[in-house]
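Spelled out, the chains give:
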Amino acid sequence: MDAADVSFRPAQRTGARRWTGLRRLGVAGWASAGVCLLLSVPLIAPQVLAPYDPTAIVPDAIYQAPSPAHWLGTDEYGRDILSRIIHGTRVSMSLGVVSVTLSVAVSLPLGIAAGYYRGRFEAVVMRLLDVLMAFPGILLALVIVAILGPGLVNAMIAVGIGEAPAYTRVVRSAVLTVREQTYIEAARAVGARDIRILRLHVLPNVIQPVIIIATVGFAVAVIIGSSLGFLGLGAQPPTPEWGTMVAEGRRYLRSQWWIAMFPGLTIGLVVLALNILGDALRDVLDPRLRR
Amino acid sequence: MGRYVLFRVLQSSLVITGVLVMVFMMLHLVPGDPVQVLFGDAPVPKEQVEAVRRQLGLDRPLSQQFVVYISHVARGDLGRSLKTNRPVAADIARALPFTVQLAVAAMALAAAGGIVLGIISAVSRHSWVDGGVTSLALLGISLPSFLTGLLLIWLFSIKLDWVPITGQGSWRHLILPAMTLGWYAGAILARLVRGGMLEILRQDYVMTARAKGLAERVVLVRHALRNALIPVITLAGIQFGTLLGGAVVVETVFARDGIGRLLVNGILQKDFPQVQGAVLIVACAYSLTNLLADLSYGFLDPRIHYA
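Sequence order for the protein chains is A and B. Using my numbering, the first residue of the first sequence is number 1, and each one after it goes up by one. Using my numbering, the first residue of the second sequence is number 292, and each one after it goes up by one.
If we strip away everything but chain B, and leave its shape as in the complex, we get:
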């Protein structure tokens, strides 16, 4: 186990190093002179172009730029926004809690909905309830999140007037974005729980539990669900990372502040330091949640041994 943990930690460090290299290289991969691209077609004095080149450190050799970049990132310095001149790290620190709040709420809804609907679906296999849950899951996987978001806004904010359309501040503002973001993850979890429960309900120990006269509820919760949940927890960990990526679209639909909106605005305004900072944070967070999800597997299921 210890060796596996070490291996996975090393592997993740390698991935994060690769992510750092890729994020660093982004500006250098821009076709043409990156500084000129940042200014677009507008006529800009040469001194200003050179000043931005110096600010981005592009006047130095590539290897030197990379060392400087890494040492800055290690100190939590992600550069300054080209549009506002504010430190990117400060903007990210301000936006991150909103995205985390959204992702946690979405994950909570997805886990609760996915597990409950997955169990109901497995228990009532081949009934109309099962069909309904399966269709709901297929819709969750098929609909792009901007469409789900608009449909929910149209129904719950415009037609029923239950919750505000956009903005943030209270749980009422959070509910629709969390539903939008969580639907996909919930759909995946519901499918997994359904499959796992169907498999486990066929096992001998479930039959034994029923044969000794336990109530069906006890059989389902204590014997079947506990075993069906192990892969669910791991997948939920991976899905949590995916939610951070999905937040990009959902934050735009609901005009919420967050890392995703920072990223999209950064791309639209060609504000490279902001884009690089936001990409770096999301990719690192995703790698770390994947690592934790992987490691949790061994702790949750004592039958698993790592070679």
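Just chain A, with the same shape it has in the complex:
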């Protein structure tokens, strides 16, 4: 096929390219997407799927091993583990969604302003980020929980703000590349205002790295959020949050292993799926990064 053939059917080629892009997700990527899709069911309607009330205390049913009546067993209050995991999906996933949204909402304007206007504002933002990034891993989230107090909403804020510095750096570096492009110069030359340039030319071009970091960041948010729950600083009992459930079941690991193991394995599976999906999406969205 020569160059002339290519230029005749642009619409078809775009569609084909998109499909090729999706095919590049690979088996693991599709499997992970499947797991994430599966998660959206209990997310929307947990009461339809959950066989029991997740918080109802049933003294007759305590410490029951996995059986046909209770597929994943029951805990020390006789609560059905499967029902709690299903309802916990909503808690853990909303923790991920809210905190990632918060990270993006904070980092997008800050990163764009720092990268576009540069100068003193950028210097101040960057030094501030240096300071915030001196708190490794979960530590910044812990500092915020220490200030706001334990609880699910505060954990969401803590994870969202705690991860925002990393997002801001990504946005800023993307803007640094975009602002040097000819189309920005052209927009300035025809007299477009900054706000128009930022909205129409800069923002659409930095969205892609934001999507990539948000996908990976979702997995990180689930890990940190459930870790806070495990430490007793996130969602408080009897809320069925996965990390909190692991912490509750930890004491019974020797005899009633299912109380901690099933919620724990759920977290592991979800984060694994999100990570694989994040890697696959990054490969599709940004072919330059492919190994």
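Hints were generated in silico from the structure; no laboratory data involved.
The following label-pair restraints were derived from C-beta to C-beta distances:
id, chain 1, residue 1, chain 2, residue 2, range
1, A, Pro51, B, Arg377, 49 to 57 angstroms
2, B, Val509, A, Arg251, 50 to 58 angstroms
3, B, Ile449, A, Ile62, 15 to 23 angstroms
4, B, Gln494, A, Leu38, 40 to 48 angstroms
A few chain B residues that don't get close to chain A, going by computed Cβ distances all over 12 angstroms:
id, residue
5, Ala380
6, Leu400
7, Val454
Yeah, the Cβ is synthetic: ideal placement off N, Cα and C, and Gly gets one too.
Chain B: place on chain A using the hints.
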């Protein structure tokens, strides 16, 4: 080089100053009256509230409080715990060796495991061994450390009864926490070594080494690995700092004493001086290990010149 060292040292001092300001401001950022928050809903006599306010220095102007705070920190005084009334610095000094011991053991396991598995994975590229190592690394990056810890406890302490579940004192108590903490860092290092080795094994000088008839082992260790290790050492330095942060969760899982447990207990008991002290130490240690890791780069690789 000298200018770069000076620049990085200055930059780190700026960061540590920022950390000091942030840690100082923690109590002031608490929504509402911080002293009242410390007491919770319990009815407390006004005199007691005022006494705690004085103990924390909150009755003075903010600027004065900051100067006092800095001068105390400079003298190694991190205040007194609101719960035990013991000096926070003494509690941290008691807990720190346990955390450092855990982080060093975790780093040793991560470096040994990461480098060996990274080489094996690169040498047997696209085989089932490579697949196994890559999956192990992905698991290490994906699983939260409290889950890894529980899985290891379940397998090695409960099912196999090889090592004690919790506590500290001997190397047998250290092995599972170190594995839990080191798995993530090991996974990152294994990925890096694998990538570096694959890149280097394609270089001309490796082909030359093979062409002149050197044994494959010599080519791998003397020619490829030595070059692949340079970024690994720097990353290991950064990871070491991250391990200090990760210790927070691992110490709770294994009920070990340490800075992390001090911090979590401090947050749960609203013991602000203890939280501030622990946060300050971990953040400063992290900044310093990052600085050392950055500077080591220039020393390890003579090809690198800093402008």
